[in-house]
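In order, the protein sequences belong to chains A and Y.
With this note's numbering applied, the first sequence corresponds to residues 1 to 412, in that order.
With this note's numbering applied, the second sequence corresponds to residues 1 to 412, in that order.
For the record, the hints were derived by calculation from the structure and aren't laboratory data.
Just so we're clear, the structure is a prediction, and the values are computed from it rather than from any experiment.
Wrong hints could be hidden among the right ones.
Any copy, or any two copies together, can satisfy a pair, since identical chains are not distinguished.
Said to hold, decoys possible - Computed cross-link-like contacts, DSSO-like style, restricted to lysine-lysine with a CA-CA straight-line distance of at most 30 Å:
id, residue 1, residue 2
1, K283, K82
2, K283, K356
3, K390, K355
4, K246, K199
5, K283, K271
6, K97, K317
7, K283, K273
8, K405, K199
9, K355, K283
10, K356, K390
11, K82, K279
12, K199, K356
2 protein chains.
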Amino acid sequence: MTLAGNALVAQSGGPTAVINNSICGVIQEWQKNGNGYKIYGGISGIKGILAGDMIDLGLQDPSIINGLRYTPGAGLWSCRYKVSENDQEKLLDICKKLNIRYFFYNGGNDSMDTAHKTWLAASYAGYEMQVIGIPKTVDNDLPFTDHCPGYGSAAKYIATTVLETGYDLQSVSTKNKVTILEAMGRNAGWLTAAGALAKRTAEEAPHLIYLPEVAFDIDAFLQDVQKVYDCLGYVYVVASEGLVDKNGEYIAAGSSKDAFGHAQLSGVGEKLKQIIEEKLQIKARCNILGTAQRSAMHFASLRDAQEAYTSGMQAVKYALEGKSGIMVSLERAEGKIYSCQTGEVPLEKVANVEKKIPLSWINEEHNYVTDEFIQYAQPLIEGEVAIPMKNGLPNYITIDRDLGKVTLNPVE
Amino acid sequence: MTLAGNALVAQSGGPTAVINNSICGVIQEWQKNGNGYKIYGGISGIKGILAGDMIDLGLQDPSIINGLRYTPGAGLWSCRYKVSENDQEKLLDICKKLNIRYFFYNGGNDSMDTAHKTWLAASYAGYEMQVIGIPKTVDNDLPFTDHCPGYGSAAKYIATTVLETGYDLQSVSTKNKVTILEAMGRNAGWLTAAGALAKRTAEEAPHLIYLPEVAFDIDAFLQDVQKVYDCLGYVYVVASEGLVDKNGEYIAAGSSKDAFGHAQLSGVGEKLKQIIEEKLQIKARCNILGTAQRSAMHFASLRDAQEAYTSGMQAVKYALEGKSGIMVSLERAEGKIYSCQTGEVPLEKVANVEKKIPLSWINEEHNYVTDEFIQYAQPLIEGEVAIPMKNGLPNYITIDRDLGKVTLNPVE
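Given only the sequences and the hints, what does the whole structure look like? Please build it.
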């Protein structure tokens with residue numbers, strides 16, 4: 001152990017089904033090997049930390065901490081907040097007051113940017129603090145990691161939904177003969193592509209997949225739909241919320257932007273439905289899973305949950321080895337049998353970089369993925385998590401966010 | 001056994017997660033006690049039967065028949081088709097050719113109408129045939145039965161989704177602070193109300209529930225949303241696709257109608273989102289589960305699946321006892337401990353009648369359900385179905401619809 005001091009862990013960005021596995025890994029590993037120092041939880045990510053909203057996680061019942069392994073949502077609450085220079089000074093000040101020497105931040109691209117800036121600010125100020133990022137995103141768009149914890153579970157849920165609603169579509173001879181599933185993923189099509197995992201035969205869903213990595217052409221789309229319809233009598237389409245035309249304009253652009261300036265999208269599915277009904281005179285139906293995609297712990301991937309936990313645990317190990325300014329990564333071994341280990345990558349290489357689906361994994365017609373994608377994604381959805389049930393529903397836990405609240409300005 | 005002859009079973013209307021359990025119950029009970037007579041499956045309901053599209057189910061592998069117990073979608077395919085008088089004559093002709101003396105029809109309101117007309121037509125024509133309806137609908141709107149097979153599983157899936165996306169909503173301090181879940185149910189709010197099963201504390205989702213049984217008032221709705229938002233900082237709304245205003249006009253009326261003249265609805269969720277954003281300046285998000293609600297076998301209610309199976313099995317028992325012109329019903333015992341038996345109700349009483357949520361189960365403000373609803377619905381979502389998995393996904397079966405095709409006009 002290189003530094004004598006406490007740890008702080010927080011979460012940022014949209015939750016995943018397994019995000020709390022990483023936090024659990026951090027807490028349990030720290031409680032085992034943190035030499036008796038405290039581990040604080042930042043409530044609502046960096047935004048809450050800046051407001052002094054932190055708790056001593058050592059006071060939570062161990063069963064609650066363990067319950068994080070099967071509870072969706074951000075257990076410590078999350079935020080979307082871009083730190084300013086002022087914020088960074090304030091953050092260091094808070095860390096000094098609490099003698100925080102280990103800073104663990106669990107999130108996606110923007111969160112890794114926050115972690116990177118925190119690390120830089122501490123370095124410049126000469127304040128010794130190990131900063132480690134733990135990857136988390138259903139979008140799977142962090143670079144320098146084979147995949148991201150959270151993706152496998154969302155992919156499993158989407159593929160299962162395509163399989164089941166595909167059975168529904170195929171089996172009813174009504175006029176609703178096109179089903180569109182709108183999938184999350186602002187600029188990267190990993191979640192949309194996951195629908196392909198459901199397909200076992202040519203007749204089965206999905207038949208067409210449209211990704212944000214390639215320009216969306218409405219005429220080609222209508223031809224694709226008509227062709228499948230003529231052949232099978234029904235069509236299952238999976239489309240990304242972030243589809244763009246050849247000019248880079250969103251097919252369904254919203255009018256608002258989030259704190260990082262990213263467009264808030266909605267409406268691709270509804271738009272495609274309208275185009276099909278108007279131009280092809282075929283009735284269509286649109287399913288929009290929305291936030292269910294990133295919170296469906298009830299059918300999460302066991303492998304994903306385990307890797308999320310291991311990533312959190314490894315973050316503590318790296319920190320206690322004296323490493324800093326890095327993100328934990330997942331490194332997959334070559335070969336047909338899936339095998340994956342944790343690794344590390346400098347935060348500066350990760351921050352704000354988006355990893356998209358390789359163009360070589362998208363077919364020539366730009367309306368489906370290749371087998372390379374299936375081989376990549378299939379191992380990530382293996383296994384199911386055992387969830388304690390109560391009254392017929394998952395018995396998810398809640399961290400007591402009022403227990404052990406930190407006091408930054410004690411009465412002198 | 002009163003009549004010497006074969007049986008025919010078919011499915012109609014929108015599928016449920018457990019619809020095939022009923023078919024499986026019919027087939028397995030017939031194979032056990034049908035005195036060696038055949039059981040045919042009508043492909044695509046009455047529409048397929050009229051086209052001569054039937055198969056000898058005895059030729060399917062028993063493992064495929066058993067696989068119906070965990071496979072969603074309509075295993076025999078389904079239809080939405082209103083029979084004409086001509087059709088009824090033709091149907092009787094087909095039944096005579098195949099010596100069909102037992103007719104099992106699995107569906108909702110419209111399907112019970114079809115079954116009733118088939119029974120009347122056979123009676124008038126003096127053709128001895130036992131006609132039994134087997135209830136099936138996620139909408140839970142069939143009368144004279146405590147509940148309908150299919151509802152419990154859809155309710156469990158909706159409640160789980162509300163629970164999980166509620167965790168997501170609560171845990172992220174972004175500007176998307178209203179989540180709207182649009183639930184199926186044309187005129188009856190049973191599925192919408194099921195969202196209430198997720199709630200354990202005042203803070204938890206859902207906070208507001210809007211049902212089609214009572215007039216929807218936009219001003220009152222906006223006040224409700226603002227009130228919860230002021231109190232908690234976030235709001236979870238579950239709204240029926242079939243909301244109507246005080247004049248009975250759909251809040252989100254579609255332009256098309258189905259074969260039975262029912263309006264095809266979509267867009268309530270999106271409409272409420274727009275109203276909230278425009279009038280209250282609060283960002284909202286809308287999840288539309290669509291057909292996933294009626295096909296989510298991966299998290300079906302075990303009790304529901306078992307009752308669906310029993311209903312099919314009981315239909316055969318009733319028929320072999322000489323009963324006809326009835327629908328199998330579910331009769332719940334009085335008292336706090338759930339107990340339910342099958343019963344029977346004349347098809348003429350069921351056909352085309354919709355059962356809505358009693359007004360006394362809706363609160364005075366018309367924005368939530370009472371405890372009576374919870375006590376009614378909670379027992380129906382108990383237990384989970386074990387699903388065989390393959391490659392990380394449910395390994396659903398498919399009936400071979402080309403095996404043992406019936407020939408109505410053999411070469412003479």
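30 Å Cα cut-off: does K390 pair with K355 within a copy, between copies, both or neither? between (39 Å within a copy, 29 Å between copies)
Pop the pair K355 and K283 into one bin, within, between, both or neither, using alpha-carbon distances up to 30 Å. This pair counts as between: shortest inter-copy Cα distance 28 Å, intra-copy 36 Å.
Within, between, both or neither: K283, K271 at alpha-carbon 30 Å: For K283 and K271, the Cα distance is within 30 Å both inside one copy (13 Å) and across copies (21 Å).
What label fits K405 with K199 when the C-alpha limit is 30 Å: within, between, both, or neither? between (50 Å within a copy, 27 Å between copies)
State whether the alpha carbon distance between K199 and K356 is at most 30 Å within one copy, between copies, both, or neither. Within one copy only: 22 Å inside a chain, 38 Å across chains, cut-off 30 Å.
Is it within a copy, between copies, both, or neither that the alpha carbon of K97 lies no farther than 30 Å from that of K317? within (24 Å within a copy, 76 Å between copies)
How would you label the pair K356, K390 (within, between, both, or neither) given a Cα cut-off of 30 Å? between (40 Å within a copy, 28 Å between copies)
Classify it for me, K283 with K273: is the Cα-Cα distance of at most 30 Å met within a copy, between copies, both or neither? both (8 Å within a copy, 24 Å between copies)
How would you classify K246 and K199 at a CA-CA limit of 30 Å: within, between, both, or neither? For K246 and K199, only the intra-copy Cα distance (29 Å) is at most 30 Å; the inter-copy one is 46 Å.
Evaluate K283 and K356 at a C-alpha cut-off of 30 Å and name the case that applies: within, between, both or neither. between (32 Å within a copy, 28 Å between copies)
Check K82 against K279 for me: Cα-Cα at most 30 Å, and say if that holds within a copy, between copies, both or neither. Classified as between: cross-chain Cα gap 28 Å, same-chain 43 Å, threshold 30 Å.
Intra/inter-copy verdict for K283 and K82 if alpha-carbon distance must be at most 30 Å: Intra 44 Å, inter 19 Å, cutoff 30 Å: inter-copy only.
When each numbered hint is compared with the structure, no violation occurs for any of them.
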